[in-house]
Amino acid sequence: MLRHILTTALLAGAAAGVTAGLLHLVFLQNILLLAETFETGSERAPFALLTMRNALTVMVMVVLYCGYGLILAALMAYRGQAGDRVDVRAGLLWGIAGFAVVTLAPAFSLPAQLPGATETDLAMRQIWWVIFVLSAAGGVWILVYGKTPGQGAVAALLLVGPHLVGPLLPDVLTGSAPMELAALFTARSLGVGLLAWIVLGVVAGAVWRREQTGPA
Amino acid sequence: MTTLVQSQVRDASGTRAIFMALAFGLALIASVGFASASAIHDAAHDVRHTTGFPCH
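Chains A and B, in that order, give the protein sequences.
Numbering-wise, my numbering puts 195 at position 187 of the first sequence, and it's gapless, one number per residue.
Numbering-wise, my numbering puts 987 at position 33 of the second sequence, and it's gapless, one number per residue.
Everything labelled a hint here was simulated from the structure, so no lab data went into it.
Some hints could be false.
Unchecked claim - Covered by chain B, per the in silico footprint, the following chain A stretches (three or more residues, Cβ under 8 Å):
no.: 1; region: 35-41
no.: 2; region: 92-102
no.: 3; region: 106-115
no.: 4; region: 119-131
no.: 5; region: 196-204
What you are looking at is a predicted structure, and each value in this text was computed from that prediction instead of being measured.
Each residue gets a CB set at the ideal place from its N, CA and C atoms; glycine is no exception.
Using the sequences and the accompanying hints, generate a full structural model.
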């Protein structure tokens, strides 16, 4: 079982991480670098430094999506034990659900920010990030596997509730990048997140199925 | 009886594998998204911004 989970998670994580990393470099990195010139008032870093930085970004992205992949494969295994069929189509749905829980839900109140955004208490935002993700995970899980209208109500409360009391915008906004850049960055970060999660889910579903049906 | 015992053994090892994978996955996510050590922060900086982790 552990071998199946690890194989599934690492293959899917590598594919999704490389996808996310490359899409980041094509669609997001230039916006981020431009925002940094507004933040610091300095010129762009030299090419050699950027190459190193970009390579690190792709590697870290692979590590991150392997982490997501491990959680995803573990939950697939859990549902597989309960008799659910796990394949490419189910993987697609798992991936979209994962995107909604891990990327879209926290972004609803804590959107991806460019460097130079108004600084607020980091620890507080990190705690809220965890709360948003955990409550969305519970909400989506109940939405999918719940059966009664009461459970549907609990799911809705878990999905919406934390955002009613979540972090507020600071009174004074001092973000240095133009809003056009910030809007483009946030929107594209969600788009890249969705694509990467779809790759994660689909590859995980395919590998899991193969591991299950192939020779043990 | 034998079937019952076997299925309990399989479930126990499956459950252990699931929890190990969950713990390992959470550790990876926490180190990429939340670790404050400056080397990790610098390497993960762009990833944190673009994937929506609070960064600074």
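Against the structure shown, which of the earlier numbered hints fail to hold, in ascending order? 2
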